[in-house]
Each structure stands twice: as structure tokens, then as C-alpha cells.
Amino acid sequence: MDLSTINNMTEQEAIPEFESANAAIKVELQFVPEAELQQKLLTAKAAGNAPDVSSIDETFLDTLTKQEVLLPIPDEIINVTEEMGELTASLYRIPHGSDDARFYGLPNGVFSSALYYNVELLQELGYTPEDIPTTWADFLTWAKEVTVWDGDTLQTAGMAVYANEYSVAEDLRIQYGGPIAGNNFPTKDSLAQADDIGIKAWQFIMDIYNVHQLDSIAEGMVSRDRFGAGGAVTLYQWTWFNGFMDNQYPDIEWGVMIPPSETGEPVFGRRGPDVGFTVTSQTEGNLDAAYTFYRYLISPAYLARYCKLRGIQPSLKSMFNDPEFSAESGPHWAAIAVKNQPQNSVDFGFAPLELVNITNQILPSIRDEGEDIATVLKRAEDAGNEYLKANPQWSILSGADYEANPQWLTAVG
Amino acid sequence: MYTESWLPKHILGRVVLLLSLIFIIGLMWWPIMEMLYWSFFDKRPGIFEFTALANYRKLFSDEVFWKSLRVTFNFAFMVVPGVVILGLLLALAVNSIRDLTVRGIFTVSFFTAYVVPLVAIALVWRYIYLPGKQGLLNVVIGWFDISPIRWLTVSEWALRSLAFLRIWKEAGYAMVLFMAGLQAIPAIYYEAAEVDGASAWRRFRHITVPLLMPTITFVVIITTLSSFLAFTEVYVMTAEAGSGVRGGPNFATNLMAFHIFNTAIAYSNEGYGSAMAAVFFVIMVAVGYIQYRFIRATYEY
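Going down the list, the sequences are from chains W and E.
Everything in the first sequence is counted per my numbering, starting at 1 for the first residue and increasing by one.
Everything in the second sequence is counted per my numbering, starting at 1 for the first residue and increasing by one.
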């Protein structure tokens, strides 16, 4: 993902703004590649020089909490239930069910996948964004019409999807199975992949290549690069792509819409959390300043800018009705605002890297190796279940969790 | 003229030996012992429990571990003969150049690949191996009417592609070693064989190869070990475009060093990763010993 725009914004706008409002606090920024971050924080903690505030991936939350790298967020800093809602308060208060449960990290917001379109290509083809069909059946017919092949070379993809197939599969599961049966996790300690809806979802993806020929496996061109180069009319992509488009491809006029569904109506698919800032200070004298800065980072002032670049719907309830993040916010945002509403998409919580990597073996086996879909899904499901049995997760929002908390699937959830 | 140092010679020797011993124990044997110790524990974030042989028992039923081991051996079986043969051919070719300046230019050219950091080379080769017509290699084979190959994304080709890169990189180093070995063979042997009417092949077979055997043994052992420890190319070149998962497709390039790193560091399962490392350490020592004994026993002059 492209974090440079966020880094630039933080360094050039946010920190000067924070420092001018808090003259006694000086912020020094250090960038670390995400792949190295967890290990760096563990090492820094052991060496006694952990940074005061860190931005981490949600998959690190469990490990870093257990290793006591993260400090609990005091209630006076933020009332999570009041400011972020019941679902967030329930998910992030850890260890679950314990009297000592505290908040160690909070989501900046939620994001999901959506359908990006190239305005100029649409115009050349005689379409407007409103003409793009909203049901899969109509969309596939339309996308095939706008796809252009020159022999075995794909000139223009109707829907670029290469390297984003998982986002389609996850959305399709929810669309086919509904918000509870479509959840990848029937319970916190079980994984569903090889059920009928899973097989149907992956068959749908392979049909995009082999039947409808909207994109090319043989060319292996990452779909966001194809879209950015003007070689795709539409693109299925997680919405962190917003910042990427603005930064990498400023010449392309683009918009984003809710992805097609079976009926053109909700539920549209999955959304996922984006964590977030944490306090990791080991210097007693810096604690007040660290929490002051942390509060700034989860304030509307910072999140408004961060979320725009990151393509995520802010987690603060006070921002839910912000025109900038509403269904009326224009072609770069309206679809994100709509899809991320609780009644329109399902949040599975998040899973550890090990489990993510187990399910990430699915795509190369099916798409690149041509293995049987059911066999591959069963293999991933078995491996995932074996892992979950040995490593129970608090961070998963399962189908059973939603059955027990139906309000999480409603507009007020 | 010899001047007595402030430290008597016999004491200086012991101090130097002691420092070496501290270095070897502290930086080599201590970590190995620590690894063995951890392998008997469930050591994960927030957990440190003695589990005796549980990690080793788990290894026996861990399909990914065994697949990674097979992949690692397959990788070594491709790389070692490739490096030895290509290195030897290059050495023979370069060594036959009489003009020392030209010979120097060729030597430096072939050796350069070895001294450039592998991470930089892997980044370049990742682009060479791009699928479709984006990749340079596919453009080249296209000139011969060969369809584009997905070098890194199908298991049929992925491991071979990594092995080819390593052969290309290490052949220059082997070449330099072989050149040193070739230049140490007295010319008189060749002259005598030539007088006796021996063909070029017979001279190579019966003079060059036997007398080069110590060098070949050394190259085989160090190349085997470097193949077993290969990590960088997996990390840099095999990241799946969508998910970032490395070592694929379907663990086809999941070499042991990378698998151990993933388990112990990326997944923070240090106990289980240590058990893997311990087993792999024993395998590496055994393979090195067998190679040394076998090659030495076969050609003892």
C-alpha cells in the first residue's frame, strides 16, 4: 500500500499543527517498514528504548499486548463505547472476559473493497458511471463488452482483478451466504472455506478469467498497476487505493462505486478494521506527552486527513455524519461511506498473520497451479482449523458472535 | 630484528587463543546451545513452558516442514552441480586466455555478480522474471517463438528460476577458486601427457579433475551450505502480488532458512522454530560430513 502520502501529511501538516498547539511537546518521526515493525518494537522494548507512540497493524495487537509493549489506554483519554460504539468497544477490550481487560489499540476506522472506474475510458466507450450495472449478471455482460483483447494480449480489462481476488471472494461469500453463514468464521475457533458458497465464490473468480475473460492470468499484471496505467475500465480493489491513486496516478480521473452484488442490494460484502496508533513509551516522564499525542492521533482533526488518504471510514461516531465521509461526499468517497455501514457489510474482526498466510495459499494454488478448487479450499480449511484449535483467537468476529449480537448488523450497531 | 614485546610471547599466544575461544563460544556455540534449549519449550509471546519433545513430535507431522526440506534439497541438487560445472567451464575458458589484461577483465566481469549484494540482484531478477510480456526473459524467449512463462508464479518453474539466479551469482566465485586450483597444477604433467599423445579430454579427465579435487570438494561443500541457507531470493522475489505471501506458489520455494525465519520471527513461535533449526542443523552437518568423506575417499592422491 502507499503510505508515503500519509507519512508526508503527518510530517508536514499534522505534527507542526500538534506542536504549535502543544508547545512543550516535540515529536520526532521515525518510519519503519511494516514487515519489520513488530520485530523492531519487540527489540526496542527489550533494549528499553521503545518509541512513545507507534502505529501498528492489527495483526500485531495480540503479540505486542502479550509482550507488554503496548500500554493500556486510560479511560480519561477516550471513552471507547461512547466515541466508537459498542462493536469496537467489545472487540478491542482485551483479554476478553477478564477483569483486567483494557484497550491497547483502537481502529482508525474500517475499510473494504469497492469498484473503481476510469472516467475517461467510460466516456470513450459512451458510458457514465451510472451506467455500470450493479448486479453481477448484468455487470459481467457489460464488462465483457468493454474488454479489449489484441490476440492473446489484453489491451483493456473490463474488470481488473489480478492480485485482488481475495477481496472478491470475501465479498461473494457474504453475498451468497448472508452476513452470518457467509462469515469465514462460524465460531472464533473455526474456519469455513470449503463450503458450497466458498467453492461457488472461487469458481466465480476463475470464470472472470476463463469464461468472461475480463482480465489475464498469463500476463500476471497486478490489477492496480493495470488500472493506474489506464488499461482497465474498472478495478476491484480495497479502498486504501484512494491515496495510491492520488499520489501515483494523478492524471487519471477516477471514481469509486459499491461493488456489484447478486441483487444489486446489500449485503455487499466484507469490511475490515484498520489499527491504529498505540502508546509504547518506556519513559515515565514522556507518558503524559505520549497520551496527549495519542489523543490527537485519534481526534477528528487528524483522522479526517488520515482516513481520506487511507480510504477508511473513520471510527469516531462524531465523524459518522461528517459530509466529507457521507453518502453524498462525491465519487471518490460515497461508495466507501455506504459499504462500510454495519447493515451493508460484515466485519470479521482480524486474524493473526499465520492464519492469514494459511488462507493466502488458496489463490496461487487455484489460479496459478490450476488445482481443483474444492481440494484447495479443504486443505486451507483443515490447516486453518488446526491452527485455530491450537491458537484460539479473541480478535475474530464470527458468525456466532453476530448471532449473539444482532445489533452489530444494523445501522445503529 | 626481533624486539621483545611488553607481553611475553607464550602469554600473548594464550591471550589470543582465549579471545578466539570467547568469540567462538559466545557467538557460535552459545546461540546453538540456546537454540537447542529453546527447542524444548513452547516459546511464544507471553508463553515460556517446558514441553520436552513436543516440538520435535510436531515436526514429524508438519507437512509444510517436510515439503520445505524437500524443496531445499531439490534447490541444492540444482544449484551445486550448476555452480561446479559452470564455474569450472568458466575457469577453463578464462584460464586459457594468454593475455593477462583480457583474462583480468573476464575474471572481474564474472566475479562481479558474486560481490554485488544478493538483495540487489534479486530485485533486478524479479523484473527479469516478470510474467507475460512485461518480463525481459519472456521477451527474449519470445524471439524464439516460445510462449511467455510465469517464472515465479507456477511451481513448475519457480524453484528452477531461483536456482538459476543462484547459479549465475555463485559461478563467478567458483570460477576464481577453480582458476587458483588450475594454476597450481604443474604444467609438466600436461606436457608429458601431450608427448604421450593424450587428447584434450583425457588430459582433463585424468590430470585436471583429479588434481582439482580438493578445490571441487571445497566448492561442493560451500555451495551446498550456501544453498541450504538461501533466504534472500525467497524473501525478495517470491512475494505474491496480492497477499505478499512468500515461499509460494504452494510452498514451492519455501526454503528451510526462510521457513525457520517465518516460524520463529514472523510468527513469533521461537520454540518450534528452534526445533526446526536444530533438526536442520544436524542435517546440514551430516550432509557436509558425508560430502567431505565421500569425495575425499573417491579421489585420494
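By construction, these hints were calculated from the structure, which means they are not laboratory data.
Note that beta-carbon positions come from the ideal geometry of N, C-alpha and C, so glycine has one too.
Treat the hints with care, as some may be off.
[Claimed, not checked] The following label-pair restraints were derived from C-beta to C-beta distances:
1. E/I128 x W/A374: 31 to 41 Å
2. E/W6 x W/G48: 36 to 46 Å
3. E/V102 x W/D246: 46 to 56 Å
4. E/G288 x W/V222: 33 to 43 Å
How the hints compare with the structure:
The given range of 31 to 41 Å is respected by E/I128 and W/A374, whose C-beta atoms sit roughly 36 Å from each other. Between E/W6 and W/G48 the beta carbon distance is about 40 Å. The supplied range of 36 to 46 Å therefore holds. The supplied range of 46 to 56 Å is met by E/V102 and W/D246, whose beta-carbon atoms lie about 54 Å from each other. E/G288 and W/V222 have their C-beta atoms about 41 Å apart, which keeps the hinted 33 to 43 Å range intact.
Of the numbered hints given earlier, the model fails none.
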